[in-house]
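Let the sequences and hints guide you as you build the complete structure.
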Amino acid sequence: MAERSALQDSVGVYEAAEASCRDLREYLELYESEDEEDPELAAHITASLAELRKRLERLEEESLLSGEFDSRDAVVSIHPGAGGLESQDWAEMLLRMYLRWAERRGFKVDLNEVQPGEGGGIKSATFTVHGRHAYGLLSSEKGVHRLVRISPFDQARRRHTSFASLDVIPLIEDDIDVEIDPKDLRIDTFRSSGAGGQHVNVTDSAVRIIHIPTGITVSCQNERSQISNRETAMRILRARLFELERRRREEEIARLRGERRDIGFGSQIRSYVLHPYRMAKDHRTDHEVGNVDAVLDGELDEFIDRYLHWKALQ
273 MAERSALQDS
283 VGVYEAAEAS
293 CRDLREYLEL
303 YESEDEEDPE
313 LAAHITASLA
323 ELRKRLERLE
333 EESLLSGEFD
343 SRDAVVSIHP
353 GAGGLESQDW
363 AEMLLRMYLR
373 WAERRGFKVD
383 LNEVQPGEGG
393 GIKSATFTVH
403 GRHAYGLLSS
413 EKGVHRLVRI
423 SPFDQARRRH
433 TSFASLDVIP
443 LIEDDIDVEI
453 DPKDLRIDTF
463 RSSGAGGQHV
473 NVTDSAVRII
483 HIPTGITVSC
493 QNERSQISNR
503 ETAMRILRAR
513 LFELERRRRE
523 EEIARLRGER
533 RDIGFGSQIR
543 SYVLHPYRMA
553 KDHRTDHEVG
563 NVDAVLDGEL
573 DEFIDRYLHW
583 KALQ
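First residue of the sequence shown: 273, per this note's numbering; consecutive thereafter.
FYI, nobody ran anything at the bench for these hints, they're computed from the structure.
By construction, the Cβ of each residue, glycine as well, lies at the ideal position given by its N, Cα and C atoms.
Be aware that one or more of the hints could be misleading.
[Claimed, not checked] Now the in silico label distances, taken between C-beta atoms and shown as ranges:
id : residue 1 : residue 2 : range
1  : Asp307    : Leu585    : 41 to 51 Å
2  : Glu298    : Ser338    : 50 to 60 Å
3  : Leu585    : Arg519    : 17 to 27 Å
4  : Asp426    : Glu290    : 52 to 62 Å
[Unchecked claim] Keeping only pairs whose Cα atoms sit at most 30 Å apart, straight-line, the calculated BS3-like set for lysine-lysine is:
id : residue 1 : residue 2
5  : Lys583    : Lys326
6  : Lys326    : Lys380
7  : Lys583    : Lys414
8  : Lys326    : Lys553
Written out as structure tokens, the structure reads:
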């Protein structure tokens, strides 16, 4: 049923673009047949053309997201680099940026866990993005993000450079078998953190699962029920174990081929400069945007689109 729904969505996008093209052709024929220029019809044609362009861009995006897991939901993790409060604050800014992007795209987001930093910012965050091609789109954002600004935490008003990393894996549903031996798991429960007040959770509903052989740790505390938190944590653990195995396979193939391959994580992919000038630049595609404030508010589609085209040519 999920595959059927996805295919119907793809066909629907194509049919909508075809209908828009047909309507636009009729409007143009009507406009050309009139003796005098009709400003209202001209404005309608301009609006229709803009709508058609959006639909064609969506079709092109569909064609670029043909990977095995591109259509799946995505599990996203954000971690600050060295630098204490500066990097923690930057990690929180990144979290807001991607939540805003998901909201703009109409995706649903589950904030699985956020670890507040000491003094401000965050030490880590994990969230799941639900929506068609969430993983395919967000996989273009995997890597290290760099911020240059006048630090709001520095009384001397000096310029600081901060780093935070973003990792993205596809959410593995039950249709993909990842064997997990219960003996390899250590499951801890603890009280969910919160701002306090009458709705604070006073039960040990939060769950932390440690996969002992790999050391992978997953925590979830966004649900009131311990059972729900455990189920969500197990899904994320399954996804991370699957991603770990996929990376091992890639490394083994590269070793057999005698090639050195960069799997993406740990390399700087983008810089966001707020001082002495204002610009966001992707170092893979060289795409630059001057309105860095809009980018930090979630307007990432330009960067994602450029990356997908760049990747297709590699």
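A quick look at each hint next to the structure:
1. Asp307 <-> Leu585: 41 to 51 Å: Holds: the Cβ-Cβ distance is about 48 Å, inside 41 to 51 Å.
2. Glu298 <-> Ser338: 50 to 60 Å: 33 Å Cβ-Cβ, so the 50 to 60 Å window is violated.
3. Leu585 <-> Arg519: 17 to 27 Å: 24 Å, holds
4. Asp426 <-> Glu290: 52 to 62 Å: Given about 56 Å between the Cβ atoms, the range holds.
5. Lys583 <-> Lys326: This hinted pair holds, its Cα atoms lying about 21 Å apart.
6. Lys326 <-> Lys380: 22 Å, holds
7. Lys583 <-> Lys414: Holds, at roughly 13 Å.
8. Lys326 <-> Lys553: 24 Å, holds
Hint 2 from the earlier list is the only one contradicted by this structure; the remaining hints agree with it.
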